[in-house]
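Chemist: Sequence:
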Amino acid sequence: MTDIGTYSFLPWLRRGIANLITTAPGGAPRASIGVDLKITGAMAGGGTISAPVHRDVQLYGPGDVIGLDPRSIVRTEPRPGITDFEPNYLPFVEFYDEDLPWRYTPAPPDGALRLPPWLTLVVLTEEEMSDGAVAGKPLPFVIVEDPGAFPAADQLWAWAHVHVNRGLDTAGEVISDDLGQVLPRFDAAIAANPDAGLSRLLSPRRLSPDTVYHAFVMPSFESGRLAGLGLDPDATPAATHPAWAPYADRAEPAHYCYYHRWRFRTGTAGDFEYLVRRLKPRRMDPRVGRRDLDARAPLPGLPGIDVPGLGGVLRLGGALRIPLINLDEPARQEVERYENWDTPFPHPFQTALADLIELSEDYANGNAADPDPVITPPLYGRWHARTSRLLEASEPQLHGNWVHELNLDPRFRVAAGSGTSIVQDNQEIYMTAAWEQIGAVLAANRRIRLGQLTREVAGSLYRRHLAAQVAADPGRVLELTAPVHARIVRGGVTVAHGLRSSRVAAGPLTAAMRRINRPGSTVVRALTRSGRPPRRLLAAVAAGRATAARPKQAPAGVPASEVVVKDLRRYEGRISFWLARDDRKPELVAELPRYDRFELIDPGRDLPVLEPTRDDGRVAIRYKSGIRGTAELIRASAEAGAEAERPGVAVPDLAEATLELLDPEVTVPRRVLAGLTVPERLRPVVAAFREVMAYPEIDVPMYRPLADKSSELFLPNLALIPPDSISLLETDQRFIEAYLVGLNHEMARELLWREYPTDRQGSYFRQFWDPANQLPVAGESAAQRRERLRDIPPLHQWALGSALGTHDHRELGGPEDEVVLVIRGELLKRYPTAVIYAQRAKWRRTPDGAIDPSAERELDDLTPQEAANPPRSKLRMPLFGAKVEPDITFLGFDLTVAAARGEDPVSPDADPGWFFVLRERPGDPRFGLDLARDGELNVWNDLAWDDVAAGAPFIPVGPGAPVHHLTEPAGAAIEKHEQWAEDRFLHWGPDLHASEVAYILYQAPVLVAVHAGELLGHD
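In this text, residue positions in the sequence shown follow our numbering: the first is 1, and each later residue adds one.
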């Protein structure tokens, strides 16, 4: 779990020129600092002259301020409008600038690190003040007739400090009076993160419960009050004269201006620590979770249950029960007698009840002995278990299964009947939710029905006109299906693309060619009359036996390269011959002989005789370049114009594959399903191309309507849980399952009555507890999370031979009854976000490593890596929760009672069990005192109001403060020793300064851990 951060406090802070204030201003209206200058000037007759000059320069003070930027305030405690602020805490206001409260204070600090702020937080009741109504003043003001409503003016230094969100100490140091060492660390921290520091004003007033208060940020000094009221600030007797101290001729003495204001109300007495300490571990009254059920006179015609020793009474349970290990031996034996009331099975009452339940089936089948029908009790779960008989059924087995337990045991029939009544009471709400979920299913069913019709019609056409053509003329099949070739894929490409890339190409299957080649076309009829009917033309084209045109030939008389080359055969041995061919190679140019006197001559002139030389002349070079370029152009043109040999096509195979891809048994369902949006759970039904028999899912915690109807139905004798108590129960899974089966059974009947498309086998309600406390799992979808959090699996998946109470969706096949922490009191009403979890315990051991049975167990430690992501072996969050108004909370954990309690320390590896931890949620800092203190003062977090301000309206500091020192904890308080080791360096007394006051009054988040053994009465 996350720990709180490290905080540091400074008593005051100043920046800039204000640090030069070294003397009190006395009767002056402002503080002054001395400025010394040395002036040097040139003399008229030559030379220079120097002289020292001293001047006292006044600084801005409270009398020069008539407003405060609201953006400078970053937080108020409590927030404006809060109606339940803890009265033992102190209100405060925080500023972003660390030096703001002392920036305009017209005085230097004293030798005890005390410096009064020029701002004060004043808290007043509505009876102590009224709003001023005079317009035209620089600041708003209130009228306060009694100056006693203000804190002591000579103690304001204690109620302002600097807060830094990191440590400024050296190793092992808790307190330091050397600001020269602390301030460089402070400057480094603020330079690294400007948001790490702030300043704070506290109000030392003790608040009353259930009272409305107004908080004001006011000037501390009279000059500030006068300036805010539009009066002359220089009329103050002195720069540091308090704003609420009297003096002669004081103007508007009851008017007090303010820079900022907010309103809040206190709640009842008690903060988190106070309320959590009021909770006492209690062993639960044995009557909780059980009440008597009179079974002596059931329905007419049914025998009573008169088991010896029970007096015709059964014990009716609820969602929770007392753990058996919490009962003494006589109480356990009594529980066993009531539990086994029907041994041997079946009891005569159960036989008669089974006959009565089965009578409805006999009426339906015409097998009833009495034709006059009667209303019979329902057979709960009949549609999910697919059974209509009980003791006469061969399956499920006669005894030990959930169908018989639920229907033949009055205790569980009552639970199922409660579920029935809940559905009947809320049927309109549940049906509205059901119809809202069915919209997509109804549209899907209509689309599926149309798809089924389409499949049958298209299938008939497919078989008669396409499949029959494959053997006779597969090419004809491809012609008929050509319009859809671009939409079906074979071998990773469309059929149309495959044909275009083959010898067939696109022409034979174009619309024009299909019209020419159809059996009734003019061309086909003419060829048929001439005795040459076209047969399998597409196959002949694919095999290369037929082409669209003969090969291209050069026209007669056109000179071609073949003719020229033929005339040059006599030069076949020369390179020039090969350069004249169509397949000339540009690289051959380099092998021609070189002539430096090469030239071009007109035809008919005598050829000069040239001797080869080492290099070509200019003309030869250009000529060879032209030959090479021509050869390269011809070769590139030939390569670009060459067509690759197109592959052939196995037309019969392609026709069969195309028909398979177009089979309506495949294409129609695929097309229909692609346009459907249905819940994931219905996908398998839709994929089978059947109409969906839908069922709604109502994922709300169903304990709530049961508890709202009557808390006695949810947990009998719930009122016997004592106030301000914390205890343990365990879930009664059989009751929960029986109740949920009753809900689902009645909802199925209601859906049938409302003509909802369902087969009555759906599980509409599977959530009993509220799973909101569970943390999400990484990578989990919303549907997976909903399924994981449900309390039971779908009812139709319950094995017919399984027993009632064995269908916990979280622990199928494992232990079924989880431990439930029960808290009754004001704590969770006031602090609903409190962190509650179970943490592994560990034994305290002697120096030789043996378990010390006389010492209390302690929380198992978490390593820094485990603290970021605690393992389930050490820490577990609640699985589920429930609340019963006004003040009872139930939290279930993935632990059995035996595992939570642990074992006796008789062996060195005894299981230490688990603690249940109630922890105040860490957040922003808060300051205050405890309402009361029991025992010795071991740490400052235990300091109470009566310790420092017994009967006083404000906390006294300075000369009137009482003196308190801490006592080293021992015995039961030894858990405080670690905190005492830090707190012992301070004491409460008249010599405190502001940062020490802040440290002592800081209220650390409270953590209380109670071992399960203590809650069960075993420790």
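Since the hints were derived computationally from the structure, they do not count as laboratory data. Small disclaimer: the values here were computed from a predicted structure and weren't measured. Do not rely on the hints blindly, as some may be mistaken.
Said to hold, decoys possible - Cut-off 30 angstroms, straight-line C-alpha distance, at most; resulting in silico cross-link-like pairs (BS3-like, lysine-lysine):
(1) Lys585 - Lys624
(2) Lys552 - Lys585
(3) Lys874 - Lys829
(4) Lys842 - Lys874
(5) Lys829 - Lys624
(6) Lys38 - Lys842
(7) Lys883 - Lys280
(8) Lys883 - Lys709
(9) Lys624 - Lys38
(10) Lys709 - Lys874
(11) Lys280 - Lys842
(12) Lys883 - Lys829
(13) Lys709 - Lys829
(14) Lys842 - Lys976
(15) Lys280 - Lys624
Chemist: The structure should be examined with respect to each hint, and the outcome stated for every one.
Modeler: Evaluation of the provided hints:
1. Lys585 - Lys624: holds (13 angstroms)
2. Lys552 - Lys585: With a Cα-Cα distance of about 25 angstroms, the restraint between Lys552 and Lys585 holds, given a limit of 30 angstroms.
3. Lys874 - Lys829: Distance of about 28 angstroms is within 30 angstroms: holds.
4. Lys842 - Lys874: holds (10 angstroms)
5. Lys829 - Lys624: Given pair Lys829, Lys624 is violated - Cα atoms ~102 angstroms apart, limit 30 angstroms.
6. Lys38 - Lys842: violated (75 angstroms)
7. Lys883 - Lys280: holds (19 angstroms)
8. Lys883 - Lys709: OK: Lys883 and Lys709 at ~14 angstroms, within 30 angstroms.
9. Lys624 - Lys38: violated (96 angstroms)
10. Lys709 - Lys874: Answer violated: Lys709 to Lys874 is near 39 angstroms, above 30 angstroms.
11. Lys280 - Lys842: holds (22 angstroms)
12. Lys883 - Lys829: holds (10 angstroms)
13. Lys709 - Lys829: Holds - the C-alpha atoms of Lys829 and Lys709 are around 22 angstroms apart, at most 30 angstroms.
14. Lys842 - Lys976: holds (17 angstroms)
15. Lys280 - Lys624: violated (111 angstroms)
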